[in-house]
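Novice: Listed below are the residues making up each chain.
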Amino acid sequence: MRDLTNAELVAHAKLHDRSAWQEIVRRHLPLLWSTARSAGLREADAADVCQFTWLTLAENLHRIRTPAKLSGWLITTARHEALRVRKVRGRELPVDLWGPPEPNFPSPEELVLADERARRLWRAFAGLTDQCRDILRLVAYAPDLTYQDVAEALGMPVNNLGSTRSRCLAVLRRRVEQEARV
Amino acid sequence: MTLLADLKSLLDQVDPTPPHLVTPPKFPPPDDYTLLDWSSDSAVAAPTGMRGTGTSRSLRLTSDHTTVDLRLDTVRDLGVRALGLVHPPRGGTVLISWPDGGSASGIDPIGWFRADLVPAGPLRFVVRQPDLLDLGTGWFVQ
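Chains as they are written, first to last, in the working numbering: chain Z, 82 to 263; chain C, 69 to 210.
Keep in mind the hints are simulated off the structure, nothing from the lab. Do not rely on the hints blindly, as some may be mistaken.
Claimed, not checked - If you only want the chain C side, here are some residues facing chain Z, beta carbon under 8 Å, derived: (1) Leu72; (2) Leu78; (3) Asp199; (4) Leu200; (5) Leu201; (6) Asp202.
The C-beta atom is built at its ideal place from N, Cα and C for all residues, glycine as well.
Can you make the complete structure from the sequences, with help from the hints?
Specialist: Here it is as structure tokens:
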């Protein structure tokens, strides 16, 4: 199953092939999890959004017009629901996982990172804008996504995405290098 | 691309996907129903409160011939109470689904139905009325 394209997996899933479903979940779960968490959801709510996304896919499997764009469809579905759940939960938000770390103390996230290189990357990433973090997270987990998919998922104009992505990546690279010189 | 690969590895370490999510959920069979339009959702219009003290959410869903008003009260650590009104009233049943189960609530002559403490998380309501196509909310997280 791991060699099949998304379109082929959808075709198998329509025939109730359980292993196709498992591969769809295996392939996309980290992306959905990251999408829900970056919307500011706590773990339990992010897990609900992942489950919601699979259930919604199961109900709409026969209506998906372009199965090759499964990844984009899943991200868009998960992100829309994650934003709605965030509103349902009101103003109480979990600790900002993606926010910048305290300047003088290692963050809990840094403490779990074993080597200095990873800590530098984390500090550089955490210091990016929300938009840059969202874009780079998506393309890190799903490099095959088209600009159109990413733009739809994030609610951005597709025209700017290529240049914004390049700029975000350049800023990240530069900040990692700066961290290394400190 | 190495930087993006490093970033993916980093995110996996900092916020790993819970292992229990790797197993696909049991999918309830997709019912053959007409999707209701979401006319209003208090969660979208205005935040309704703070998690931890319980929240109320009001939904209005419509089709060509039926309106469903739904009030969902989330009770901390217990679940969700649902109170709904189907109008015009025609009797029938509301089927409530969650990922690994479901329940049915009768619609009274005035159009009211209620369900006490269904599990919080993904839910779906399907209204089954005599001689009409079923109407459903689609899945949503409560």
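Novice: Decide, hint by hint, whether the structure agrees.
Specialist: Hint by hint, here is what the structure shows:
1. Leu72: Check passed: Cβ of Leu72/C comes within 5 Å of chain Z, closer than 8 Å.
2. Leu78: Status holds, d = 6 Å.
3. Asp199: violated, 24 Å
4. Leu200: Violated. Min distance 20 Å.
5. Leu201: With Cβ-Cβ at 16 Å, over 8 Å, it is violated.
6. Asp202: violated, 13 Å
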